[in-house]
Structures are given as structure tokens and as C-alpha cells.
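On the provided structure of chain A, position chain B as indicated by the hints.
Protein sequence lines, in the order shown, are assigned to chains A and B.
The numbers in my numbering rise by one with no breaks, and the one at position 159 of the first sequence is 159.
The numbers in my numbering rise by one with no breaks, and the one at position 209 of the second sequence is 209.
FYI, nobody ran anything at the bench for these hints, they're computed from the structure.
Each hint should be verified, as a subset may be incorrect.
Claimed, not checked - Where chain B lies over chain A, by a calculated footprint (3+ residues, C-beta under 8 Å):
#	segment
1	152-164
2	167-174
3	177-185
Keep in mind it's a predicted model, so treat the numbers as computed, not measured.
Where a beta carbon is used, it is the ideal one built from N, C-alpha and C, also for glycine.
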Amino acid sequence: MRWLRKNLVVIAGLITLAYLLLPNVVVTVFSFNKPKGRFNYEWQQFSLDAWKNPCGVADMCGSLSLSLQIAFWATLGATALGTMIAFALVRYRFRARGAVNSLIFLPMAMPEVVMAASLLTLFLNMGAQLGFWTILIAHIMFCLSFVVTAVKARVMSMDPRLEQAAQDLYAGPVQTFVRVTLPIAAPGIAAGALLAFALSFDDFIITNFNAGSTVTFPMFVWGSAQRGTPVQINVIGTAMFLIAVLCVLAGMMVGRRKNKTVS
Amino acid sequence: MTTLQQSDHGGDVRLTGISKTYDNGFTAVRPLDLTVPQGSFFALLGASGCGKTTTLRMIAGLEEPTTGTVHLGDQDVTGLPPYKRPVNTVFQSYALFPHLDIFENVAFGLRRRGIKSVKKQVEEMLDLVQLGEHKRKKPHQLSGGQQQRVAVARALINHPKVLLLDEPLGALDLKLRRQMQLELKRIQTEVGITFVHVTHDQEEAMTMADTVAVMNQGRVEQLGAPTDLYENPGSTFVANFLGTSNFVEAEIMGRAGDALTLRAGDGKLTLPADRCSAATATGGKVLVGVRPEKISLTHADDAAGIADGRNRITGRITESSFIGVSTQFVVDSPLCDAFEVYVQNVERDARLVPGAEVVLHWNPAHTFGLDAAQDIEAGVEKVSEDAAA
Chain A
1 MRWLRKNLVV
11 IAGLITLAYL
21 LLPNVVVTVF
31 SFNKPKGRFN
41 YEWQQFSLDA
51 WKNPCGVADM
61 CGSLSLSLQI
71 AFWATLGATA
81 LGTMIAFALV
91 RYRFRARGAV
101 NSLIFLPMAM
111 PEVVMAASLL
121 TLFLNMGAQL
131 GFWTILIAHI
141 MFCLSFVVTA
151 VKARVMSMDP
161 RLEQAAQDLY
171 AGPVQTFVRV
181 TLPIAAPGIA
191 AGALLAFALS
201 FDDFIITNFN
211 AGSTVTFPMF
221 VWGSAQRGTP
231 VQINVIGTAM
241 FLIAVLCVLA
251 GMMVGRRKNK
261 TVS
Chain B
1 MTTLQQSDHG
11 GDVRLTGISK
21 TYDNGFTAVR
31 PLDLTVPQGS
41 FFALLGASGC
51 GKTTTLRMIA
61 GLEEPTTGTV
71 HLGDQDVTGL
81 PPYKRPVNTV
91 FQSYALFPHL
101 DIFENVAFGL
111 RRRGIKSVKK
121 QVEEMLDLVQ
131 LGEHKRKKPH
141 QLSGGQQQRV
151 AVARALINHP
161 KVLLLDEPLG
171 ALDLKLRRQM
181 QLELKRIQTE
191 VGITFVHVTH
201 DQEEAMTMAD
211 TVAVMNQGRV
221 EQLGAPTDLY
231 ENPGSTFVAN
241 FLGTSNFVEA
251 EIMGRAGDAL
261 TLRAGDGKLT
271 LPADRCSAAT
281 ATGGKVLVGV
291 RPEKISLTHA
301 DDAAGIADGR
311 NRITGRITES
321 SFIGVSTQFV
331 VDSPLCDAFE
341 VYVQNVERDA
351 RLVPGAEVVL
361 HWNPAHTFGL
371 DAAQDIEAGV
381 EKVSEDAAA
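Bound conformation, chain B alone:
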């Protein structure tokens, strides 16, 4: 328990100017600074190959940084081998020792540190993850979810300053994954240890983490609380990688108080100035973004009933798919050829079928503005990538 008490102060993970270039010349991580506050649940989110796992491995000591330093609290651990760092890892596909039973797997770290009486601690830890009766089984006799819990127990029993999780839920099926997300969150709250979680699953990151760092091509694109990232993305990559976004190119016409007036095609849109991360000079181009679930759909015949002050765009429905809680529409408009709109199935309008002329409208407060000089498609998940993951 002493390690736990020591870590109560200044247990931040601090990465300073850290980068990694492999011998073959591939740069996995570009110089980045990152501070993970003590006791937080921190997620590194990104597609495969974005450098998130390499960053994690540099904290663990399994990868040597090309430049930069790693600090745990006040201690510089950059030069320390993994077995001397007060950090433990839950590996992707768990890496449980196949020749040892569950009890010995969990006891491994304690024994290596020369602790003789491990029985009580190990049994307590196995009870915490509800595997007490399986302690004499070998790892291959457990299900995926059980193996995952053993991996967590094996790391947590050492009371590390930081627990690193490398895609720990990747091998589980969807339902079990949801369950384990809540379970991990519960354990983290209970033990109060800093968790650094690497994942490519945006929902997983948003569900579990206090802070999410979105990584792309070896850089941190944006860092913040899940709601901030989702509601106010700073780049098209973040906007597309976290959920789905619709974009319209627009020109800034002027400013009225806190709001920017924009012209998009023939229409007029309003954007709160503090939600625009691009330059706000009149005449400048911006990308106007809005999330599909913020948009309301009204049939063109009822357009007169739409409240004033809402952003509106006209279009025609090209596709609709019913998925239970909501219906997802694709709307073709002169400004954007595939507007995605999610409508809750509360009061379904039978006229909203493919071919119908509609008006899309939304509260301007849900609009965000981005620099127009970037790829609108950045971060859009490709179907093939999804299948591979």
C-alpha cells in the first residue's frame, strides 16, 4: 500500500518532446508534449498506425524514445528499463503466461519483487475481478472476458502509479465490451490509479475516459473532455473520427455581436464566433460543421412553421434507413451531396421517404466552424479498415 500513498502527490505522467523514429526510418510519434493528471482516466484515441501504442510503450519502457523524456511525478524514468518502472500494462490479447495458473499469473509481479506471503493479496484481487473459484485454472481454460480480467488483476495487484491499457477490449465481442467498459471504469474509480487507455474505438474512449487525446499521424490533434471534443472539434479529422459530421463550405459575410453571418450558396447561416477555430475575418472561407443528430427534418410543405433564427438548408431525401431508436436519412442538397441526419423515432412523419423535398434546420449554437484549408474527408472511417480492426 505504500506505493499507493506515495503516489498521492505529483503522480502525473509527463511526456516532454517525446518522439519515436524506428531504425527503418518510420516515424511513429512526432515530438509531443502530454501531461496525464494523477488519478485520471486518460484515453489515447486514434486509427491503427497513429502512434498511440508506441506512446504507451514508451511510458511502459518497452520502447526507447528517440528524443524527449518521460516523467512519473518528479522522477525521470526515461532511462529506466520496464522492470524498474512503477507502471504496469494490460497488453493487447492479454499476454497471460500460459504455463502458469491464474493464481500464479496474478502473483507474478509480487513474487518478482520478493514478497513472500502473496496468498491473501492475490485472493483479494481475484475476488475483486470475480475469479476466485478459477484460481487453479490455466489461462487457456478461461473465456476472453475472464482472461481480460486476469490481465487487469495481474497489473493492478502491484499498485502501479499508472496502469497502461493497450486496446484491452479489442478481442471481446460487442456486448462483453460494453460490460467491461463499465467494469474498468468502476475499478478505476475504486482504486484511484491513473489509467492510460489506448483504443481505436471512439465510443469506448468517450464512455470511459475523463480526458481524450485524439492522435493522428504521430501527433495529438486535439485533447479534451469527451463532450468538448464531440461538440467542438478543432479539425475535420476529430469531427469525423469522433462520430459523424456534415460539412458545408461557407464565406464569412460579417459579424453581429457574438455570431458570425455566413453565406453558403444562396443561403445564410449563423455560427457563434467562439465556436469557430478558423480566422473570422470578413470574406474568409470556413467549413461549417454540424452533427447529424442536431438536425431536424421538416417536409418542405411545412417549411413556414420553422422557427426564425434557425440555420436552414433545403434538400431532397435520397436514402433512409430505420434502425430502431432512430431513422438515418441521407439528404441531397446543393451545398453538400450527402447530408446525414439522424431523427429520433418519436413522431414519425410518413411523408419523409426517399424523394421527398425537405428543409434541414438546427439551432445555430450546434454549429462549429473549421479552417477551410483541410481535407473534409480526414478521419472518415473506411469500411475496409473497420473490418480489419
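For reference, chain A alone in the conformation it holds in the complex:
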């Protein structure tokens, strides 16, 4: 009983972690399955088939590559625009600044389905060809609010005197931005960019409405789930998960080494 009382926090923590990670475990475990029928829902036997041949399913790797491309460009576009908006909102006083400040959050608050349908209406009325570009425009639009939020928090905590100090030390406006402003804002910008990439990569609803005949990876998974789920989907999912974990670990190691050299 005493032991329980002492370790309650740890136990609660472990249970919560399990709750968070169990789905990932299932995805990983079933990537080694050798299903009997078309559905990968029951454990049959261990196999490396899917890992050896990740692109073995028709069209899957094409959709994956498309999703990665869209995520890349959407991240780039949303981060560039969002960073500029965030700086403008924090640093400058202009007319309708308050309105812009709240309107920028609207895409986050709007139900995604409604937005997706409205966007489709807009694109059709404009006579736009649905496909890569409509998906990209839509993704940049909904990623923007998240980037602005992330960067704004960082810029708000920045001491404007740092930039004044840079100017005082002979750095012109461009030099000041590149040498001082940007490096200090970088963590916020990176957080915004990561968020944008993750959101764009697995967005389904808005993409599905505005893709036309183009198929992204989430759409492919949804489509194949109707007819049977290939094990390769789990392989891709696990691989993405591992890459993310590796990135985090690498980041932590770089941070630790930096601290070691200076202390």
C-alpha cells in the first residue's frame, strides 16, 4: 500500500504514456504481419515481406512522394508568409492590426469540412483546375495560422534592444535581420515549420475535397481501406514515426553537446 502511494505518479504517467503510444505499437507490430486476406486486421504470422518491398502496392509510393512534395512546398510557403505576418503584427502599428490579429485565427476555428467545401466552391467558380496547385494553395492557407501563432509567441518575447544594439554596432537593416533577428527567432520559426509540415502531410479532409483526380498519401490510405489494407501502409507509417523519433534524438544530442562545450 505504501509502495503504491509512493509510486502513484509514476504509475499514472506510465499508463498515460501507454495510452498515447499503444496505437503506434499496433501500427509497428502489424507492419510485420502476413495477413491472410486483403485486410490487415488480424495477426497471422511474422514476416518481413512488406519491409523488403515497401513500394509493392500500386500507386502508393507515387502518392507518398506527392504528399511529401506538397508538404515541403506548403511548409516553405506558410513559414515564409507566416513569419513575415508575425513580425508585422508584433513590431508594427498599422491600421486594422487588431482585425488582422483575430482574423488570422479564423481558419483554425472553422470546421475543416466546411472550409473544404467552401474552398471547392471557390475553386470551381474561379474555373481552377483541381490538382497539385489547388491542394498546395489550400494547405498554405490552413498552415499559415499555426505558423503565425508559433512565430508570434517567439517574436513577442524578443527584446527589441537586441536589434538596436546590432544597429549601434554598425549592422545595417539587412545585417541586423540576418545576424540577430532571424537567429533569435529561429526556434519559433522552426516550430511553426514542423507544425506546418505535419499538418500538411496528413491532411485528408481539405485535400480530399480539392484534389480532383490527384491522390495524396492520406487519400490513398483512405481509399485502400475500403478495399483492403496493404501491410505497406503500416511500413510507411512506422518509417515516418521512426524518422521523427530520430530527428528528435538528434536534436537533443546536438543541444547536449553544445551545452557541454560551453560549460
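Chain B in isolation, oriented as in the chain A frame:
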């Protein structure tokens, strides 16, 4: 080193008719003229909101003057952006670049001016401020005093014509502040660059500066050497802001040689005419001031032993507090209800306790006279302000 040689002649900072009114209508600095001589240690002293920092920022180019011009030597720099002015600033709370190590912080100015081999200069500068072994640390790993020295090194390495210091010691504790005051004074003497130092701490200004300008509500109240300002203040604001002063209202009775004879209540006081900044016509009113440490306290029983020719006032002690080197008394008298008197603890008279009847007396040469038409309380530091600062 070329900048240093160039600045040997005509390196004065000259402000002409300079003022600053912000967009919201607040006037921080009223039109003022100020010349800071080349090579001097100049302090702008005043309470928060008096316009001293704004004046400094206009010299740096970080604030655009509403009217007037800024000259460095013969060069009009009024329209130049900060990065084109041969002036560097030590900011309040230092503004060190958190993403760069100490070495790169100090090298920043040199690199921006396209100087390639900075290693030797930076290391010399870091040695000057005794931070050589910390050059690969980040600013947040240093103590406040060390950060302060980095900020000074980062500015000085550029050999500016003028070094501007914006409350550079404000964030340090008292002991460290005293130490850094001497340190800064030493560096200034060593490099010979003009220092313009903004502070609200009167002791700091008096310790370090050759010349102090006392600012109040966007104006320079008085300018001079610390001893002049202290011994001969020109207004109640200066008299109260620099140290403490006692004031008595008096009427001019007449003139005897270089001295004015005054009547205050029933008593008679003497004031040297050249120490009176008010009109000296007979019958005029003046405020007679005297510093607490100039006054001697004698118990009323011994009053007969006081030398002739000294100004004297009778009163009763209401408070006394012992603070080691001296004892501070508050004396109630018919002329002034709270006379402050500081007495050195040399030969303590055991009878001087609250309730004792005493005679306050002092050499008339320590008396100063001010125009009576001003607020006696001007410039008195409020306790709440002190805490905020």
C-alpha cells in the same frame, strides 16, 4: 586605431536646440543645448522620465529628434542612422546577443565593418575586462557583473568617438556597483574616450563624472562639476536630488560687505552674497539652504561656548538614528519642522537624545541662497520611487 587619432581634435558632442516629442504628444526632452567636451566623463542625472535616456538615444541615433541637431566634432550626424555613427552604446540590461558566445559578441562590431582578423583585438579587449577565459561561454552563463563587462568591451572595441552608457550599473547589487564604478572610471581614463553616462543614482554620477548635468522634466536644471553642484545648488530640485538639504525661509535685511544679513523668524543668519542665486535686494525673500553634514549640534546648556559669527538656530531633537560612521538627527525648530543633521561619531555627547534642547550652528560659508518662489520639496526622492528603481 585611426578613429582614435582622428578624434583627438574637435571630438565634442554638441546638441543644439534638441527636443523630442513623441507621437502621443508626450514631450520627453524640451529644446536644450549641451556640449560634452572631448575626453570627458559626462553624466546625465535625473529621476526616471526626466528625458535623460531619450537624450542619450538621440546621440546614438536610436531616436530621431523632433527639433535641433546633433554634432560629433564638426560632423552633423542628425540624419545618420545608428549604424553609421561613430558612437557605441552600453545598453541598460546589456542587450548581449544570446545566440552568440562572448567572443562573437565582442567581435560583432568589427565584423560588421568588414574587418577580417579580429582574433587579436577581441582577445586583448577581453583581457582588458578580465574575461579572457570565458570567451566561449554564452551570455546567460555569466554573472551580472561579467555581462556588464562584456557589454562595455563590445562597445569599446570599436574605438567610438563617444561611448554612451544607459544606466549600465542599474542591474547590479550595491557592492558590485561600487566596484564597477571605479572600474569604468579606470577604463575611461585609460582609453581617453568621451563617456556619456545616464543614471538616476546621484552618488554614481558624482563618483564617476567630471561634469554632471542634472535633468528635470526634459530640461537641464544645472550643469557643473560634482562638488559645485553639491556645494552650490542652483535650485531646490538640485539641492534635494543631489544629497539632502535643509531649507529655511528668510528675508533679506541688508548687506555687509560680501555677506547678506537675513532674518528668519526671530533669528539672524548670514549668507555670502556670491552663494545666493536669487535676487539680493533688501526686503526680498530667499530660501536659505544648508547640508545636514555641515551642521554642528550643541546641547543648549553649552550654547555659550559656540564661536561668534556662526549661523545658529535653536530646536529640539525628535529622532536620532545611529548608522555606524555617523548619527542622523531630526531636529524640530520654529523655522523648519524637520532639520536633518548628520554628526560624525567622533566625540558623542550622551545628552543628545530625542527630547533634548539643542543649538544648530554652522559656518555661514556653507550656506546657500535660492529663489523663494519654488517648491521646497522638489526633487525629494519618494520612498516608492526608490523601491521601483
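* Outcome, coverage hint (the segment 167-174 of chain A, chain B; C-beta under 8 Å; three residues) -> holds (count 6)
* Assertion that chain B covers the segment 152-164 of chain A - criterion: three or more residues, beta-carbon distance below 8 Å -> holds (count 4)
* To do: Go check the segment 177-185 of chain A versus chain B for me, would you? Three or more residues, Cβ under 8 Å, otherwise it fails.
  => With 4 residues close enough to chain B, the hint holds.
Of the numbered hints listed earlier, not one is contradicted by the structure.
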